[in-house]
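J.: The residues making up each chain are set out below.
2 protein chains.
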Amino acid sequence: MIAIASRKEVAELAGVSEATVSRVLNNVGPLKEKTKERVIAAARELGYTPSSLARSFARKRSGNLGVVMPYLPKARLFSAYYFSEILSGIGSRAREEGYDLLMIFREADEPLDYCGLFRMRKVDACIVLGAKEEAGELEALRQLKKDGHPYCLINQHYEGESFHEVDADHVEGCQLAVKHLLSQGFTRIAFLNGPQAYSNSRDRLEGYMQALQEEGIPADASLMFEGNFSRRSGMAAAQAILPQLEHIEAVVVANDRMAIGLQQGLRELGVNTDRMPAIVGYDDSDAAELTTPALSSVRVPFYQLGEIAAAKVLELLENGGVNSGNEMIRVKLPAKLVVRASSLRTGGIQ
Amino acid sequence: MIAIASRKEVAELAGVSEATVSRVLNNVGPLKEKTKERVIAAARELGYTPSSLARSFARKRSGNLGVVMPYLPKARLFSAYYFSEILSGIGSRAREEGYDLLMIFREADEPLDYCGLFRMRKVDACIVLGAKEEAGELEALRQLKKDGHPYCLINQHYEGESFHEVDADHVEGCQLAVKHLLSQGFTRIAFLNGPQAYSNSRDRLEGYMQALQEEGIPADASLMFEGNFSRRSGMAAAQAILPQLEHIEAVVVANDRMAIGLQQGLRELGVNTDRMPAIVGYDDSDAAELTTPALSSVRVPFYQLGEIAAAKVLELLENGGVNSGNEMIRVKLPAKLVVRASSLRTGGIQ
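So the sequences go chain by chain: A and B. Counting from 152, one number per residue, gives the positions in the first sequence under our numbering. Counting from 152, one number per residue, gives the positions in the second sequence under our numbering.
Hints were generated in silico from the structure; no laboratory data involved. Possibly wrong hints are sitting among the right ones.
As the list claims (entries may be wrong) - 25 Å max Cα-Cα, derived PhoX-like pairs, lysine-lysine:
hint	chain 1	residue 1	chain 2	residue 2
1	B	K225	A	K483
2	B	K225	B	K330
3	A	K225	B	K487
4	A	K487	B	K483
5	B	K273	A	K273
6	B	K483	A	K225
Owing to the predicted nature of the structure, the values given are computational and were not obtained by experimental measurement.
Just chain A, with the same shape it has in the complex (with noise of 0.2 Å):
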């Protein structure tokens, strides 16, 4: 239609590969000076000129709201209860507001590069779910909020940082369940917490430390475990407590998954009824009301995390980002203890 001169020739005669000359004409860094000039002249040279039209490209919104998520080979995310809720959340209000959902998976362990979904235009503003305590994610963290641009973590805080955040009150959340285990009259409580790199996993033990401090209770190690929140490691963990079981009554799991693989793995071990501890889940997800006994769970509102954290994060998006005098999104909404069957005196008989 209009005769013009190609990337590839401005390439050729520069010298450079094709997407250096796009690096240049897109300002997009690091390039050393001496490459911009040379491509420079070359394009213009050539009378190749990224249009005002390619520009307006660049400044253009994707009308979608990115959320990174952990990605691991072969499990169900969409099926876990806690993705599927703040999803849900994030989903709904995304769509009120006109934007798409683009979900970018993440492998365990591998820092994004959350910028380049910005510079590649994928998004217009990100929500970053499953961050870890880790040197390379938060590099990635620090870059994205020194650039500027609308981010904001949901249930990950991070020590002596100031990132947007959105999270639940998991310090209280475990104080609830520890509280009402011993108001039960329980005093020997274990704990199954989730992988200490998550801060909910760092807030939920003290939350349990502080219950137990206040009720003269010192800590006991060996009434410490860990699991990985799958279902599988919560029958692990039954492996492990079932040699204490005569000195532990009771037991609080940071979520719900593991807590019904405990009750599953204790019963395949051939832990009775009545020798079953009492067991506070947390998550209160669907299954907390299904199985038998039915299990007691410290309900985070997980929905309106995500309704919250997309709200905020578009309205980032439209007050021109986070460099623009904005105040730090910090939102931390209560979690509260729903008591079922398996916490309660009478142990697990529904």
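With the hints as your guide, set chain B onto chain A.
T.: Structure of chain B alone, referenced to chain A:
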């Protein structure tokens, strides 16, 4: 950096909007020939050229696999077993192939301009979930097919049309449920189906009718009920079924949610274990084995449906789309029956 005319100047000189300038230069119709000529002349006069950079943007892949889903305000879509399993399968395969997942929520009965998703470069390929028998929808799908974009439907087919589709055999699935109930000696078998706008509902009806017919049992319209797949609609069906309960020995239900709602609804209406009809659900969701009595259910390989649809549609993409001589995607996976306590002759005792 490089002085160029702006799109705005071109628009002013040509006496058209900036959007029209873009449409002409991106060759996105429909536009009058005269308008095109005027815009091109103005662009030439001002030395405004859509660079090959811009054109490469136009051709560039987004790296996104689109998933179109129905949107219901307040509903927790990701929490529904049906969607979460399909999405987990799609997401897993997309991730393996290096694609991100763009979730596009569509209001019920709002036909979507699927082709626009491609035109705007939001997606490179797309999978449509929850499509219904509806004129606007059919039109949009026909256009998608005609334009040669890579797409695939899951769990929906249209009589007399030839779209790419991945489905499970719901005729056989429902037959299995009815035959199992017949084998238990039940002959008065009611059917609580989903809306007829979904082909999977019509397929189930066909399976129900066939299985009865093979035993010489005439169909009885008074035994057929319809819900909308929600737990609530299952509870509502309990009200409709109650007055006929002395004639009804068993109920086949089109998904587990409604089946659980029906169990619950009947119990709340005072139907005790002895009078509870045998029930077979459909989907074999997580909840099926957790309810009391545990629910017999037709297992549908949703995760695999998602995985296969993603694999097939990305294959289409690599092969240059539907119009490059590819065969139609036509996959039908078998369903199977999982028998639990709810459908056995002994009644509702686990």
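J.: Take the hints in turn and mark each one as holding or not.
T.: These are the hints, each one checked on the structure:
Of the supplied pair hints, the one linking K225/B and K483/A holds, its CA atoms being roughly 22 Å apart against a limit of 25 Å. Note on K225/B and K330/B: the hinted pairing is violated, with a Cα-Cα distance of about 37 Å set against a maximum of 25 Å. Of the pairs offered as hints, the one joining K225/A and K487/B holds, with about 22 Å between alpha carbons and a cut-off of 25 Å not exceeded. Restraint check for K487/A and K483/B: not satisfied, since their Cα atoms lie roughly 45 Å apart, outside the 25 Å limit.
In summary, the hint linking K273/B to K273/A is supported, as the alpha carbons are separated by about 9 Å, within the 25 Å threshold. For the proposed pair K483/B and K225/A, the alpha carbon gap of about 22 Å is at most 25 Å, so the pair holds.
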